[in-house]
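Colleague: Residue numbers (our numbering), protein chains in the order written: chain A, 1 to 306; chain E, 1001 to 1324; chain C, 2001 to 2327.
The set of hints was computed from the structure by calculation and includes no laboratory data.
Where is the CB? At the ideal position from N, CA and C, for every residue including glycine.
Incorrect hints may have been included.
[What the hints assert, rightly or not] Output of the computed footprint for chain E on chain C, the stretches with three or more beta carbons under 8 Å from beta carbons of chain E: (1) 2086–2093; (2) 2113–2121; (3) 2268–2276.
[Unchecked claim] Each pair of labels, with its calculated beta carbon distance range: (4) V203/A with A2137/C: 51 to 61 Å; (5) K1045/E with G269/A: 28 to 38 Å; (6) R201/A with P2259/C: 46 to 56 Å; (7) S207/A with Y2269/C: 52 to 62 Å; (8) L189/A with I2064/C: 21 to 31 Å.
[As the list claims (entries may be wrong)] As a list, the in silico BS3-like pairs of lysine-lysine whose alpha-carbon atoms are at most 25 Å apart: (9) K1122/E with K1230/E; (10) K1045/E with K1007/E; (11) K1240/E with K2060/C; (12) K2146/C with K1240/E; (13) K2060/C with K1231/E; (14) K2060/C with K2008/C; (15) K2301/C with K2013/C; (16) K2244/C with K2256/C; (17) K1231/E with K1122/E; (18) K2256/C with K1122/E; (19) K21/A with K1122/E; (20) K1122/E with K1045/E; (21) K1230/E with K1240/E; (22) K1240/E with K1122/E; (23) K2008/C with K2033/C; (24) K2060/C with K1122/E; (25) K1230/E with K2060/C; (26) K1083/E with K1069/E; (27) K2060/C with K2013/C; (28) K1069/E with K1045/E; (29) K1229/E with K2060/C; (30) K1083/E with K1045/E; (31) K1240/E with K1229/E; (32) K2008/C with K2301/C.
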Amino acid sequence: MKQSLENFKDSYLFYSFKRDKIAMISFAILLVLVVVSFSAPLIAPYNPYDAETIDILNSELPPAWMDGGSTQFLMGTDQQGRDLLSTMIYGMRLSVLIGLGAVVLQAFIGISVGLIAGYIGGWLDNFLMRLADIQLSFATMMVAILISAIFQTVFGSSRYNELAVPLLVVVIGIAEWPQYARTVRASVLGEKGKEYVEAARVVGLSSTRIMFRHILPNTMSSVLVISTVQVANAIMSEAALSFLGLGMPVNRPSLGSLINAGFEYIFSGAWWITLFPGIFLVLLVLVINLLGDWLRDVLNPKLYKG
Amino acid sequence: MFAFTVKRILQALFVMLIISLLGFSIKHEFGDPIRDMVGIQVSVKDREILRETMGLNDPFITQYARFLKNAAHGDLGTSFFYKKPAMHVILSKAPATIELVFASSLIVILISIPVGIFAAIKPRHWFSRIAMGGSIVGVSIPVFLTAILMIYLFSITLGWFPSYGRGETVDLWGWHTGLLTADGLRHLIMPAIALSSIMLPLFIRLIRSEMMEVLETEYIRFAYAKGLKKKRIWFIHAFKNTLLPVITVGGVQLGIMLAYTILTETVFQWAGMGFMFLESVQRSDTTLLVAYIIFVGGVFVIVNTMVDIIYGLVNPTIRVSGRK
Amino acid sequence: MEPILDIKNLDVKFALRTGTVTAIDNLSLSLAKGERLGIVGESGAGKSVMGFSIINLIRKPGYIANGSIYFRGEEISRYSEEEIRAIRGNRISTIFQDPMMALNPVLTIGTQMTEAILAHMDMTQEEAERIALEKLAKVHIPAPEKRLNQYPHEFSGGMRQRIIIAISLLTDPDLIIADEPTTALDVTIQAEIMDLLIELCESEGMSLILITHDLGVVSEVTERIAVMYAGRVIETGPTEAIIKNPQHPYTQGLLKALPESRTPGEPLYQIPGMMPTLTDIPPGCAFNPRCPMRGEICITKRPEAAFADEHTGHMAACHLVSGDLAS
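Isolated chain A (complex conformation):
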């Protein structure tokens, strides 16, 4: 463990990280956002899920520094009288959770498909990649919206709301696997012809062992780069679905559903219910994207171009 830490310190990755101010700042911000959101019950001033602490009379209070604001609620309150800051912290936790879950799922599907398609080849490869192409040509956003619309019809609104978190993970996971599949397949095809794979085969290692122990590790830098961007995409997708009312319900809001809820009140001047969650969302996505950009420049993997 200590050895690998030492290795990391000497690595090119760490070296270029230290030299890149944007990457460092982004990472710091991301770290703060994630730590804050996951320690929400400890940090947040209020518990937005606890109906007893919410007083409807406090609804739509502006931020503390404005006329009519209350020092009790630093960033004001939403339409239900919840402390906006607390709600946002809890909401961000949901956004991050769903984003990570969706990426784990899509990576699992996509890497499996990519490995199988690239390694086995033939008609199976053709079939799987056509499938990926078709789904990609349909815009992941569209697929996510359609699947969640179907789910909502299938499960009914209230059941859908109860199961929103796992369902969103599934929806976004299914909608975005082709990215992984195509990239992993491309790397597998590149690696397959190389001598070490030949050698492994000659030695008599099984296909699965060659795939997982030899080829898969070599696709990891592309997977890492995609994953970073995909987390940002998944968070964006979740926010969009929630904004459309196909995601997290208002009583357990993610950043997207907060923005959705706040939108109605923007005409009456309560801009903060929309703007603050919006800023948090953009900040979260932006730092992840910046890190993704930096990673892509550093690792410079051969990504599959659409």
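Starting from the structure of chain A, add chains E and C where the hints point.
Modeller: Just chains E and C now, with coordinates in the frame of chain A:
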């Protein structure tokens, strides 16, 4: 080229078949055509009779074949909410969406090409740095947030533009267009900018990176060695090669834009297909929902097939040999 | 006679993130009108960089750090971007190594030829096309009228290289720089292209700089040879003198490594070791780690060029030639 075109069209038909099967399964499992037709006041017995006469007790395959046959004639069933053929409803909403996508595409093309090219040929210029930095921020702002903030700023605070609807439209042989009236255009500006805000950064980055890659090639160096003027090298030699990948991605992005119309139209209550789709989800109007899926699926497939064929026309390598 | 090209003390450097490396080190060369000069060396010796530095087309982050290049008596290394552009492809043409990569895939041959003419001459499209046809015929492309509307991928590699040569001839240049023009081609086509180059130089009175790693090829085509190693010219002189009486151990090694000089039944000779990368050129003579005749002085002192034969201008940068090291 002919064989290539035929192959692409067959592929497109196959994809449509799968989409229709998917759509039909949804409708078959979750739709209730009897309720859609007569409401809930009719007795159970009458319903059974209706089911039988409408063939709803037939095997799945028979019903699917019937559905396909009707779909081929442009009949995708009747919307429960509008009490009109779903296809009519969609077609009446289509112009609004098409005009929105058109206006956004125009903004994207007009801005991304010059900015992308500039950022590629002068990567260290301050403007390029701002454009690239701005584009990554742009990618990170959800389109609905852009839309909402624009409404707050330009409609509510400044009062420059209307915040919802299409404004005054003109009936042009059955096509209700907002492009011909000042009011219609005023309504179009904000939705179009909001929708383009998601594509613009992507295109700037795409054009820049493709162009930079092309500028490093041997044939560009050879063009320099021939003593050509920089402008000719940039805009004829490099840009033409940049265009190929941009067209491919552009086709796909057009589809993505359609997806984002759902968000934009919802924010601006733009009476297009996207807004209609979301309403049909909320109203459990299964027929209309499925009709939308099939219609949009059809648009996607047609656009993608056309992009492939156009790509073939632009790229001489494919044009002659049939397939790369 | 005044030389058509005169390179004096040229230094080319590359500004890398880790520091600056020298790709061309104090290189001087001159070329008479109508003369054919071969630049020989292994890859990485700086041959191509030298060729491209003449028309100021070194890839970034390379730049000319020092020295001057005179062309027809004018110092073109001081030219502005626009002035040098007017020389490129006009008075000095370039033939690239890989014909598969040098032509723009989306433009017709006709466009790629006429644009090169129109960039330098004031004439109509029709006149330019007429010249293009004439030059295509000159490089023995059959049915040239049909070719103008075709795209590069419709031609074989050999045909493409002929087209590139035709492009280099369009403006009747004074000098052609051919950078490994046959390396990417089949052996049978190599000879054809070389014969074509000689034929054209002689009939048009053009000078030629032929850059190649193949001493065999230059010996057949050129009148004079400059051998490069690690960014320096280490031996130069008339082709015959160098082939028959090589002075530098490196040149001797190159000659020995030619397939023609192999004794049947014995393995092909190879110079031991590898050319140093630009970042770690050894002190003293750059060739010393690979040199079979290395002496003490070779490790400490860099040899300067010295005459092996003052009459023919045969020079070599080796302590053996200057007499600092007894053989």
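Colleague: Determine for every hint whether it applies to the structure shown.
Modeller: Checked hints:
Note: the segment 2086–2093 of chain C has 6 residues with beta-carbon separation from chain E under 8 Å; the three-residue rule is met and the coverage holds. Counting residues of the segment 2113–2121 of chain C whose C-beta sits closer than 8 Å to any C-beta of chain E gives 4, which meets the bar of three, so the coverage hint holds. With 0 residues bearing a CB less than 8 Å from a CB of chain E, the segment 2268–2276 of chain C misses the requirement of three and the coverage assertion fails. Taking the beta carbon of each, V203/A and A2137/C are about 59 Å apart, inside 51 to 61 Å as hinted.
Between K1045/E and G269/A the CB atoms are about 57 Å apart, so this pair departs from the stated range of 28 to 38 Å. Between R201/A and P2259/C the beta carbon distance is about 36 Å. The supplied range of 46 to 56 Å is therefore violated. Between S207/A and Y2269/C, the C-beta spacing of about 45 Å breaks the proposed range 52 to 62 Å. The hinted window of 21 to 31 Å between L189/A and I2064/C is violated, with their beta carbons roughly 43 Å apart.
Taking the CA atoms of K1122/E and K1230/E, the gap is near 12 Å; set against the 25 Å cutoff, the hint holds. The hinted pair formed by K1045/E and K1007/E fails the criterion: a straight-line CA distance of about 50 Å is larger than 25 Å. In summary, the hint linking K1240/E to K2060/C is supported, as the alpha carbons are separated by about 23 Å, within the 25 Å threshold. Our distance criterion of 25 Å between C-alpha atoms is met by K2146/C and K1240/E, whose separation comes to about 23 Å.
A hinted pair counts as satisfied when its Cα atoms are at most 25 Å apart, and K2060/C with K1231/E qualifies at roughly 20 Å. Simply put, K2060/C and K2008/C have alpha-carbon atoms about 22 Å apart, close enough for the 25 Å limit, and the pair holds. A C-alpha spacing of about 22 Å is found between K2301/C and K2013/C, which places the hinted pair at or below 25 Å, so the restraint holds. For the given pair, K2244/C sits about 12 Å from K2256/C by alpha-carbon distance, which is consistent with the 25 Å threshold.
Proximity of K1231/E to K1122/E is assessed by CA-CA distance (about 13 Å); at most 25 Å being required, the pair is judged to hold. Restraint check for K2256/C and K1122/E: not satisfied, since their Cα atoms lie roughly 49 Å apart, outside the 25 Å limit. The suggested pairing of K21/A with K1122/E holds, with an alpha-carbon distance near 23 Å, which does not exceed 25 Å. For the suggested pair K1122/E and K1045/E, the alpha carbons sit about 76 Å apart, so the restraint of at most 25 Å is broken.
Straight-line distance between C-alpha atoms of K1230/E and K1240/E comes to about 14 Å, which keeps the hinted pair within the 25 Å bound. Our distance criterion of 25 Å between C-alpha atoms is met by K1240/E and K1122/E, whose separation comes to about 18 Å. As the CA atoms of K2008/C and K2033/C are separated by approximately 17 Å, the hinted pair is consistent with the 25 Å bound. Restraint check: the Cα-Cα separation between K2060/C and K1122/E comes to about 14 Å, which is no more than 25 Å; the hinted pair holds.
Only pairs whose Cα atoms come within 25 Å are accepted, and K1230/E paired with K2060/C is accepted, the gap being roughly 16 Å. Taken as a hint, the K1083/E and K1069/E pair is honoured in the structure, with Cα atoms around 21 Å apart against an allowance of 25 Å. Distance check on the hinted pair: K2060/C and K2013/C sit about 10 Å apart at the alpha-carbon level, within 25 Å; holds. Our distance criterion of 25 Å between C-alpha atoms is broken by K1069/E and K1045/E, whose separation comes to about 29 Å.
Straight-line distance between C-alpha atoms of K1229/E and K2060/C comes to about 19 Å, which keeps the hinted pair within the 25 Å bound. Taking the CA atoms of K1083/E and K1045/E, the gap is near 24 Å; set against the 25 Å cutoff, the hint holds. At most 25 Å may separate the alpha-carbon atoms for a hinted pair to count; K1240/E and K1229/E meet this at roughly 16 Å. Between K2008/C and K2301/C the alpha-carbon distance is near 23 Å, which keeps this suggested pair within the 25 Å criterion.
This entry does not satisfy hints 3, 5, 6, 7, 8, 10, 18, 20, 28, going by the numbered hints stated previously.
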